[in-house]
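Asks: Here is how the chains run, residue by residue.
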Amino acid sequence: MSDVATLPPIVTAIRESRRALARLLTRIENHAAASELAALYPFGGKAHLIGVTGAPGTGKSSLVNWMAKAYRAEGKTVSILAVDPTSPFSGGAVLGDRIRMRDLHGDSGVFIRSMATRGNLGGIARTTKDMIRALDAAGFDIVLIETVGAGQSEVEIASAAQTVIVVEAPGLGDDVQAIKAGILEIADILVVNKADNPGVESTLRALRAALDLGHRVERVMHHGKLMDVPAVPVIGEDSAWQTPILQTIATNGTGVSELLTKIAEHRAYLQESGVQRLRERASISAEIEERLRDLLLARLIERVGAAHVQATIERVLRREIDPNSAAQALLADSG
Amino acid sequence: MAERKIRVLVAKPGLDGHDRGAKVVARALRDAGMEVIYTGLRQTPEMIVEAALQEDVDVIGLSILSGAHMALVPRILELMKAHDLNDVKVVLGGIIPDEDVPVLKQMGVSGIFGPGSDTQEIIEHIRKVVSLE
Ligand code: B12
Ligand SMILES: Nc1nc2c(ncn2[C@@H]2O[C@H](COP(=O)(O)OP(=O)(O)O)[C@@H](O)[C@H]2O)c(=O)[nH]1
Ligand SMILES: [Mg+2]
Chain F
1 MSDVATLPPI VTAIRESRRA LARLLTRIEN HAAASELAAL YPFGGKAHLI
51 GVTGAPGTGK SSLVNWMAKA YRAEGKTVSI LAVDPTSPFS GGAVLGDRIR
101 MRDLHGDSGV FIRSMATRGN LGGIARTTKD MIRALDAAGF DIVLIETVGA
151 GQSEVEIASA AQTVIVVEAP GLGDDVQAIK AGILEIADIL VVNKADNPGV
201 ESTLRALRAA LDLGHRVERV MHHGKLMDVP AVPVIGEDSA WQTPILQTIA
251 TNGTGVSELL TKIAEHRAYL QESGVQRLRE RASISAEIEE RLRDLLLARL
301 IERVGAAHVQ ATIERVLRRE IDPNSAAQAL LADSG
Chain U
1001 MAERKIRVLV AKPGLDGHDR GAKVVARALR DAGMEVIYTG LRQTPEMIVE
1051 AALQEDVDVI GLSILSGAHM ALVPRILELM KAHDLNDVKV VLGGIIPDED
1101 VPVLKQMGVS GIFGPGSDTQ EIIEHIRKVV SLE
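First to last, the sequence lines map onto chains F and U. Numbered according to the numbering used here, the first sequence spans residues 1 to 335. Numbered according to the numbering used here, the second sequence spans residues 1001 to 1133.
Since the hints were made in silico from the structure, they are not lab data. Nothing here was measured: the structure is a model prediction, and the numbers come from that model. Think of the CB as a built atom: it goes at the ideal place given N, C-alpha and C, for glycine as much as any other residue. Take every hint as true, because none was put in to throw you off.
Where chain U lies over chain F, by a calculated footprint (3+ residues, C-beta under 8 Å):
1) 12 to 25
2) 106 to 112
Some but not every residue of chain F turned toward chain U, in silico, with C-beta under 8 Å:
3) 30
4) 91
5) 92
6) 93
7) 95
8) 96
9) 98
10) 102
11) 116
The calculated SDA-like cross-link candidates involving lysine to any residue, where the alpha carbons are at most 25 Å apart (straight line), are:
12) F:129 <-> F:23
13) U:1023 <-> F:61
14) U:1023 <-> U:1116
15) U:1128 <-> F:91
16) U:1081 <-> F:106
17) U:1128 <-> U:1056
18) F:129 <-> F:295
19) U:1005 <-> F:38
20) U:1081 <-> F:22
21) F:46 <-> F:72
22) U:1081 <-> F:17
23) F:69 <-> F:16
24) F:262 <-> F:141
25) U:1005 <-> F:37
26) U:1023 <-> F:89
27) F:69 <-> U:1056
28) F:46 <-> F:75
29) U:1005 <-> F:26
30) F:69 <-> F:265
31) U:1023 <-> F:103
32) U:1105 <-> U:1068
33) F:46 <-> F:8
34) U:1005 <-> U:1130
35) F:76 <-> F:105
36) U:1023 <-> F:251
37) U:1105 <-> U:1086
38) U:1005 <-> F:120
39) U:1081 <-> F:16
40) U:1023 <-> F:57
Excised from the complex, chain F in its bound form (with noise of 0.2 Å):
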């Protein structure tokens, strides 16, 4: 596969040249690029993904600008992708976090994408995962993927991502009951950044706290929700990965280091405990699943036509057909 000679022509333009590579981009966030993305799906699988999430202000954009020099430091090509929402009223979008990301410029080994949700309410947008399979397939070592994670749905990076790191802030409302809710279940590393802030240690204590009241489980994505598989242990230790809190400060660059390392450390559980199969198989039977849904709708639809469809829904609406009738009748009028 590797053998320079055999790579699809789009391989070949990506590797070679970021206009390529941006272009294509657009083109799949605008769903018109089936047959590349079939082109370049086997030419992926290198590079680790990493989710960085946390809400809004925790400080995600500045520590990512750290973590990309430190790779860069390593030797290690990095392409990062930062996902902004879209604003519900306009369809339209405005994409800040490149304002923190200055002192990469000038690197031929590090690009960096925005893009905005539209419309899709998991953090991440409906593209974005195949945005990340073009820029592990343009060969970058690393892929961050910046993400807005506010609330208890947004949790599709863990789905997108290896290393999933979920940034805490002290100050931002120590919101304990939202910390355990719905984000920390999915955090491979946690950080606490701003930590030159007051309030880090109640902030740390809480997250203690939190993480105490989990179990032993891995959290994977499966059938669009996160389910416990119990935990495989590590060849010789005992037990699962223990999701471990850092402090960081994204002004300075203080933290970064020991941060790298527990990505490090991650991925090489991933692969050693074989959590990493476990993870990309329920991720990617997901995601068949619900592309087979929404091509199997699309097809229903067409056969029995639209406008079927339309008085359908107005009979539910009129009572005359309850909502299960309605849809074992369209399914049974599709022959």
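Given chain F, work out where chain U with the ligands should sit, using these hints.
Replies: Same frame as chain F, now just chain U with the ligands:
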């Protein structure tokens, strides 16, 4: 499937710290359904063109109130050419004296919007010059 969105880079080149206008325009474009990449203050022409390339934008929007536009804009246009960004449109706002307007348009700036410009006009201009195939 999903509709194509107009992507605009809004940047402030040079040492000019007046960022109100750029923010007003960024927000207006967002409210018009566009995706705006906002890169903040003190951008060099190299940073702006590199960001435009990576982000694959349709439009580069420059906000210059420092009086340095006759140095900054030609440099940006030159770098765009060097990077083959020929189909990317450039719009400019800020304090641009009348006598500079025809010169800048001649160089390839598609629209120039001074103080008091109606953001609706800016939106319409961008929609007109960007052809979404
Ligand atoms: C507010 C202001 C400030 C504030 C800025 C606050 C901020 N964060 O933005 C402060 C007090 C900090 C400031 C400082 C200075 N200022 Co002052 N400032 C102004 C003032 C009064 C208004 C600017 C403003 O915010 N307008 C409101 C916004 C919404 O309008 P706008 O920026 O023009 O944007 C509109 C259009 O231009 C256009 N547009 C703007 N950007 C973009 C981008 C795109 C893509 C598009 C399509 C359109 C577009 O659309 C917008 C909406 O209509 C102007 C005078 C004036 N009336 O313009 C002087 C002015 C710009 N300042 C001036 C000067 C000289 C200074 C200082 C050097 C003063 C000093 N000696 O210290 C410093 C420099 C600061 C710095 N670091 O750069 C001069 C510039 C002279 C020149 N260019 O030849 C001006 C023109 C005043 C004057 N008549 O002398 N200033
Ligand atoms: N004091 C302090 N401020 C920080 C730190 N990290 C980020 N910030 C600031 O917090 C704000 C938000 O940072 P940003 O990286 O944009 O956060 P994001 O919204 O999570 O991406 C910015 O003003 C940063 O300069 C930190 O470690 N300490
Ligand atoms: Mg950010």
